[in-house]
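Enquirer: With chain A fixed as given, assemble chain B onto it according to the hints.
Each chain is listed here by its residues.
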Amino acid sequence: MTALFIILAELALGKLGAALGAGLAAIGAGIGIGRIGASAMEAIARQPEAVGDIRTNMIVSAALIEGVAFFAVIICALVIFV
Amino acid sequence: MTRIIRSISIIIFAVFLNTGISRASETKETSDEGKSTERFDAGKFVIEHVSDAFEWHIATVGETEISVPLPIILYSSNKGLNFFMSSRFHHGLEAYNGFRIEHEGKNEGKIVELNEKGEVVSLPIDLSITKTVTGIFVSVIILLLIFLNVAKTAKRRVNQAPAGMQNLFEPIILFVRDDVAKPAIGEKRYEKFMPFLLTVFFFILINNLLGLVPIFPFGANVTGNIAVTMVLALFTFLVTTFSTNKHYWKEIYNPDVPWWLKYPIPLMPIVELTGVITKPFVLMVRLFANMLAGHLIVTVFVSLIFIFAKLMGIEAALGISVISVLFSVFMLILDILVSFIQAYVFTLLSALYFGMASPEHH
Chain A
0 MTALFIILAE LALGKLGAAL GAGLAAIGAG IGIGRIGASA MEAIARQPEA VGDIRTNMIV
60 SAALIEGVAF FAVIICALVI FV
Chain B
0 MTRIIRSISI IIFAVFLNTG ISRASETKET SDEGKSTERF DAGKFVIEHV SDAFEWHIAT
60 VGETEISVPL PIILYSSNKG LNFFMSSRFH HGLEAYNGFR IEHEGKNEGK IVELNEKGEV
120 VSLPIDLSIT KTVTGIFVSV IILLLIFLNV AKTAKRRVNQ APAGMQNLFE PIILFVRDDV
180 AKPAIGEKRY EKFMPFLLTV FFFILINNLL GLVPIFPFGA NVTGNIAVTM VLALFTFLVT
240 TFSTNKHYWK EIYNPDVPWW LKYPIPLMPI VELTGVITKP FVLMVRLFAN MLAGHLIVTV
300 FVSLIFIFAK LMGIEAALGI SVISVLFSVF MLILDILVSF IQAYVFTLLS ALYFGMASPE
360 HH
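In the order they appear, the protein sequences are chains A and B.
Just so you know, the first sequence maps onto residues 0 to 81 in numbering that gives the first Met the number 0.
Just so you know, the second sequence maps onto residues 0 to 361 in numbering that gives the first Met the number 0.
Everything hinted at is true.
Pairs of lysine-lysine, BS3-like flavour, derived with a Cα cap of 27 Å:
1. A:K14 x B:K105
2. B:K249 x B:K187
3. B:K151 x B:K181
4. A:K14 x B:K43
5. B:K151 x B:K191
6. B:K109 x B:K43
What the simulated footprint calls covered on chain A by chain B, stretch by stretch (three residues with Cβ under 8 Å from a Cβ of chain B suffice, anywhere in the stretch; the number is not a length):
7. 57-65
8. 70-81
To list a few chain B residues with every Cβ distance to chain A over 10 Å, as calculated:
9. F12
10. I72
11. V199
12. P265
No wet-lab data here; the hints were simulated from the structure.
We put the beta carbon where it would ideally sit given N, CA and C, even for glycine.
Same shape as in the complex, but just chain A (with noise of 0.2 Å):
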């Protein structure tokens, strides 16, 4: 069990878990902000006179995700490089 082990950490499962977990960051911002522009685009198409309120709220909304992501991505850059 203990050669189990060993042989577990030798393969340094904690850098492949802070790569998957930069990769999982990726998507989920990639899915909201996806989600965000494809609403917004929506409500530009049923209104077009709102465009420049719409776009502010877009990217107010957009910044606050990626804040979100960028989270999870310095937690996996502490996790290699620290």
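Expert: Relative to chain A, chain B alone:
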């Protein structure tokens, strides 16, 4: 005319790229003897370019480094106040006056104090003017130049049309007032917060934009340094806390929720308190990560050239440099957009927190 220029540039581009890549593949066997030193350490190169440093490194020509020395100010309990230029360290290789820059181990990157035998004694209080601090000074000088000028012009031309730089900055200032501060804070109380919001917006914007220019004295990665963004978020937190009223704390400690969420285990107060701490923390991480990611990607694309040079010879590096520079320019343009967006989002969220700090009683 444009057709000739366009066709000539396409021909040059194609010839350059193809020559580089095809010559690289044929000289792969012979270049093994000619490889001079070890592999190009891309990780170290990239991290050095985006972090803080005790001197401002400009270029490395062959073996000599060209860098601008910066003042080092140390205070240690044994030796008192020390003030000298970082050129005494000779690019971090020698010790001076009992101090040395550590390159490995626990204190990597910091200045340590040595006793007579050369052993590490302690860490002095480090108040040095590092590269990031110099970058802050440069952007502060630019901000003062711009805004003292704009303020003087605005005061002189009270009922006239704006002139000069006022034309550029007055719409932005009015945008921060009308579209960020007034909707978030409310008509009655927004004026008290306007100086802070304007300062934060332009400080972050100018630092972001100057960080993209690769020429000395610009190009210091100021907002990509977590200490700088931590201080900005700390200021937002302090201003929010000092402009609260009783209803704000009531909504945190005693919200209008069913009693079993508050007693015996105060679940809702704990959640609300973590919200109070998390909001400025997220501000800090968002700005830091966005700016750091931009600089990191550009540096990685540029270091691709050196990786190819060490791997496949100088011709491959020349070939790949065309693509690399194009991608870097594209990322830098994207970074300009991100600079504006991040400055705007930081200011907007700060204004929202100020507005939420004094809620009216329903």
